[in-house]
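**Q** Residue strings, one per chain:
There are 2 protein chains.
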Amino acid sequence: MTRAWAVGLDMGGTNIRCAAVSVAGDVILMEHGPSLASRKAGDVAENIATQTLHLLDTARRRGHGSPRAIGIAVPGPLDVQTGTVMQAPHVAAWRGYPLRNNLERLIGRKVVVDNDANAWALGEYWRGAARGRRDVVLLTLGTGVGGGLIVGGKLVHGRSGMAGELGHVTVNPDGPPCDCGSHGCLEAYASASGLRGLVENRLGLRPGSPLPLQIVDSEKNFSVRGLSAQARRGDRLALETFAIAGHYLGIAIASFLNIFNPELVVIGGGVAGALPYMRKTMTAQVKARAFTAICSQAKIVRAALGPRGGVVGAAYAGLHPVMRS
Amino acid sequence: MTRAWAVGLDMGGTNIRCAAVSVAGDVILMEHGPSLASRKAGDVAENIATQTLHLLDTARRRGHGSPRAIGIAVPGPLDVQTGTVMQAPHVAAWRGYPLRNNLERLIGRKVVVDNDANAWALGEYWRGAARGRRDVVLLTLGTGVGGGLIVGGKLVHGRSGMAGELGHVTVNPDGPPCDCGSHGCLEAYASASGLRGLVENRLGLRPGSPLPLQIVDSEKNFSVRGLSAQARRGDRLALETFAIAGHYLGIAIASFLNIFNPELVVIGGGVAGALPYMRKTMTAQVKARAFTAICSQAKIVRAALGPRGGVVGAAYAGLHPVMRS
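Chains A and B are the protein sequences, given in the same order.
Residue numbers are given in the working numbering: position 35 of the first sequence equals residue 35, and the series is strictly consecutive.
Residue numbers are given in the working numbering: position 11 of the second sequence equals residue 11, and the series is strictly consecutive.
Simulated from the structure, these hints should not be mistaken for laboratory data.
Incorrect hints may appear among the rest.
Note that identical chains are pooled: a pair holds if it fits in a single copy or bridges any two copies.
Here are the simulated lysine to any residue pairs, SDA-like style, with alpha carbons at most 20 Å apart [said to hold, decoys possible]:
no.	residue 1	residue 2
1	299	160
2	287	205
3	287	183
4	154	263
5	154	213
6	287	211
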């Protein structure tokens, strides 16, 4: 009832999750809402503030009192020192947008902002697969590929908070174009959009053309789940697509191992569900490319928290700003 | 005369540099000797101990008294917690060799060991190009490619001290073989051995065949300096070789930028002298592949300390074990 708690808000391209998280990392309350990501810059921020204020109100009515901190995770690289979003893949209007200042004005309280992959990494570190580990590489394989790095028990932010863009290491200099403007990035293979591109390429389709019914959802969008189901049935296109994605995922992971000598590589996000179909080619590349001594010290595991990871980590970011230096 | 000081010893494939370094980072005394790297495991260690004891003796005779600490840098990944060398490119006999224990027994004092690229990174951080910077990627382009990472003002060691193998990130999955057993590593392009391979490939020579006289030294070994001189004269083979190396160096640096969001990328080692011939293709890849906001915050500069970097950094490692966590 009167446990100390923090707000953890996780904004995705479509939905917002907003939770009251206890200082022990338990989700006390959870509310959902739309992201309204295609609106004007100020409207998107106002929507975040409205949902935060709604949660604060709910919490107050239920006798939880005031939060100790407010942590807000949004997509895309942002400058954590100034709280400015540099660019956000799903919010076109946020380019150099002073998110933290505006949220603090609208909410009337101090706010900590960080990017969604960093928040999720903190969540896994606090309550998930990376608990108690000091050197961890975390990869989210979703619509794109995000990353979070924990080195010596601290989240790596770099000069201004944009570190950890692990989806945008080059795994094949001659590879397919990536949404970031480069080509041959990890994201161009091991994300939902990368897999879609591989399938289109395989079928000789132009980008955006209608896909076979087995691999689209009810709204005709490409479905990783559908492609996985096809792989489970032994479909060759699906199996080969995942094999290619796994191959390049393994190349990237081998580089991360040689760079970080981590204890753990944690893989989450929607595409992680297809790891069984990627693991063989992934492991082959990891073993061929990473130093044996480094390889033997690192485990590659699935994320433990699922969609809760973001809100738990965002709350942690609010509660433990020092961890984030 | 009575300034506090530490031993900094830097062992390369051919030579050992052993210095008395003041707590302010000034080299007070410097001695040189052979590495004897092809000898038996114990003999190589004994040689290090002998040179250290010789320096201690010289220092004592000159009135400097005893050192505060002894820091020793050796090539190859090593487990800094146990002081065990996992494998060393130039010392075949060191495989799982308990170097620190043996040195402490032979020298009769506590010793800190680290790898040479890490020591050099600490040197540049303490007294060189990276002074006062908190987020730095350091690359040594020598016979091979080594790396040192400073994140949030601390050297990154990873789980057991093997982090920072930046020469062994994959920059081209279909690239030439690398001495580490993989292929398409950065080292296979942007090191002396990588450049030699590119030249051989270009000339249709088998590995190890005699090379044109302009690009070998007096002992008929491949000479980066010779290749640079050829490039300066406008020789097409030399210019194209450096352009290829720069291209892949740029791909790697772009990945490091997106991973670390550093303030600085510092490039040292013998091959760094040829940067003018690599810079154009390097910069093109960095700009094409790294996030613009990250790119605009990072400078790419030459190392400042040269060969002194290793001994200065080794001494620092001895004096500041906390920095190394």
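**Q** For every hint, state whether the structure bears it out.
**A** Hint check:
Taking the shortest Cα distances, residue 299 and residue 160 sit within 20 Å of each other only across copies (14 Å), while inside one copy they are farther apart (30 Å). In this assembly of identical chains, residue 287 and residue 205 lie within 20 Å of each other by CA distance neither inside one copy nor across copies; the values are 34 Å within and 30 Å between. Taking the closest pair of Cα atoms, residue 287 and residue 183 come within 20 Å of each other only across two copies (12 Å); inside a single copy the shortest separation is 25 Å, beyond that limit. Proximity of residue 154 to residue 263 under the C-alpha cut-off of 20 Å is found in both arrangements, the shortest distances being 14 Å within a copy and 18 Å between copies.
Taking the shortest Cα distances, residue 154 and residue 213 never come within 20 Å of each other, neither inside one copy (45 Å) nor across copies (52 Å). Taking the closest pair of Cα atoms, residue 287 and residue 211 never come within 20 Å of each other, the shortest separation being 35 Å inside a single copy and 34 Å across copies.
Figure legend: structure checked against the earlier numbered hints; hints not met, in rising order: 2, 5 and 6.
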